Amino acid sequence: MTTPFYISPEQIMKDKADYARKGIARGRSAVVLQYDAGILLVAENWSPALHKISEIYDQIAFAAVGRYNEFENLRIMGVRIADLRGYSYDRRDVTARGLANAYAQTLGTIFSSAGEKPFEVELVVAEVGDTAADDQIYRLTYDGSVADEHGWMVMGGQTEPIAAYLEQNYAEGLGVDDAIRLAVRALGEGNPGTDGPRRIEANQLEVAVLDRGRPTRKFKRLTRARLETVLGTDAPAAAPAAPAPAGDAAPAGDGAERPATGPQPPKPGETSTGDGDGGPAL
Amino acid sequence: MTSIPDGNSPLPAAFRAVGSSSFSDFLASYAPDLLPHRRALPAGATVDAPHGTTIVAATFPGGVVMAGDRRATMGNIIAQRDIEKVFPADEYSCVSIAGTAGIGLEMTRLFQVELEHYEKIEGTTLSLDGKANRLSQMIRQNLGLAMQGLAVVPMFCGYDHEVGGGRIFSYDVTGGRYEETNYHSVGSGSLFARGALKKLHRPGMTAEQVVTVLVQALYDAADDDSATGGPDLTRSIWPVVYVITEDGARRLPDDEMGPIVRAVVEGRLTEPDGPNASPPTGA
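Protein chains in written order, with UniProt numbering: chain V, 1 to 282; chain R, 1 to 283.
Next comes chain V alone, as it looks inside the complex (with noise of 0.2 Å):
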């Protein structure tokens, strides 16, 4: 008879951490901040129908990085949860806060779960209130934690740049234009060319806001031509250096069409319990 294979239990979390982490870094990044009439939410997304933003429920918006079939279960996950909650109770009664829980057990269980790979997605809960401090933006990551986040907050891959970005620039109570110029050159800050930070152009990106001057639904795409018409201003870049990459309408994410940047090693002395780059883990 021969020994049973044994492998510890931190190796198996930090294997599966480290899984996820690659899936995530290889996507292109999204960035969700406040500005002075709500909440913005930026991606870099090539694809015109697939989406990485989405209404989740009147005053709360959804937005991912990763794996795209995996972050689309949970939206539509979200979507069920919030509509059956307001039909049963009422409108009021639907909460990102209940939703991230809701995303967070999902997270948790799949990731400690024998059977199941780890989702390897990022996601955000953003909720607009009637005025900024009551805005909320909870974070998830593919383990199941969850982050409360002010301000700002970036996800996906090669997040450090944009991060270092916003840490720089930006500001509270930024107009709808500016706000969205200052996220738009934060993503050109991640996997930046030969020539320094790309230039991002509007057909490549999605970009929607929970106004909270809004009627009831608050979540509003803002079309391409609105975002030419704000883009247009930016000083225009040097040639823009980012390849395009070939057969990027892949629904299997973002994933795969520019070289993996390697996903963020592990912080030494990290057990890999899931923390993973998340921010203080509730």
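Hints listed in this document are in silico derivations from the structure and should not be mistaken for laboratory results.
Only a predicted model underlies this, so the values are computations on that prediction, with no experimental measurement involved.
Only true hints are included.
What the simulated footprint calls covered on chain V by chain R, stretch by stretch (three residues with Cβ under 8 Å from a Cβ of chain R suffice, anywhere in the stretch; the number is not a length):
1) 53-64
2) 68-81
3) 86-97
C-beta: ideal position from N, C-alpha, C; glycine also.
Place chain R on chain V using the hints.
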């Protein structure tokens, strides 16, 4: 009753199941108790519940207007003076209910969620015919209750971007769907309202003229049908009126409705039977 997930426990598999884009299909599989038609009444039982009565609608070039009176009755009692029977179904359509108020309101709520759910899941709205057919199915499911006296007969109006105009759909209790041209009315006062509409409505009218015509029609319905409420000048309760155009559905606020209704009532002070239909040209 099925418990509503609170997000603090693992969710049932139904939430992540690959399924249709329909919210009522999801409810039917996960929480059938929440569907409006899932009630079992003892055979032969009747329930005395409030009824909503007259609703009217008419088209104009560029859209459609829908209006409803404000009275709900329970037998010979006025159950409510300011009930609303006309609701936006989504941005470009409205639904209104005549018949059993409780069932109708619940059906309306489910229909609203149904349209919004589809829009969010699919990233696009249903066609106007798709919406009208979906409502048809919901009425069909209610047939069992309708046969026990809890009937709902809605009317559905919307702006169809493909056709480029307003459309009106009426229904019967079996879910039969009928598209109406120019104008229609449903409810106990509808015979009188339809007579007024026939005499006063002309295809080329402006939206404002159509609103006035609908208020006249509701006045006539209330004049001859005890279950339909007339304009309540003492309490300033005006008919609920939605104008649906290419830009969406808009409810006319009280400060716009007040002068229109007062003008109609003013006219009736000298001509109690209302305005005359314009005589045929050349006669």
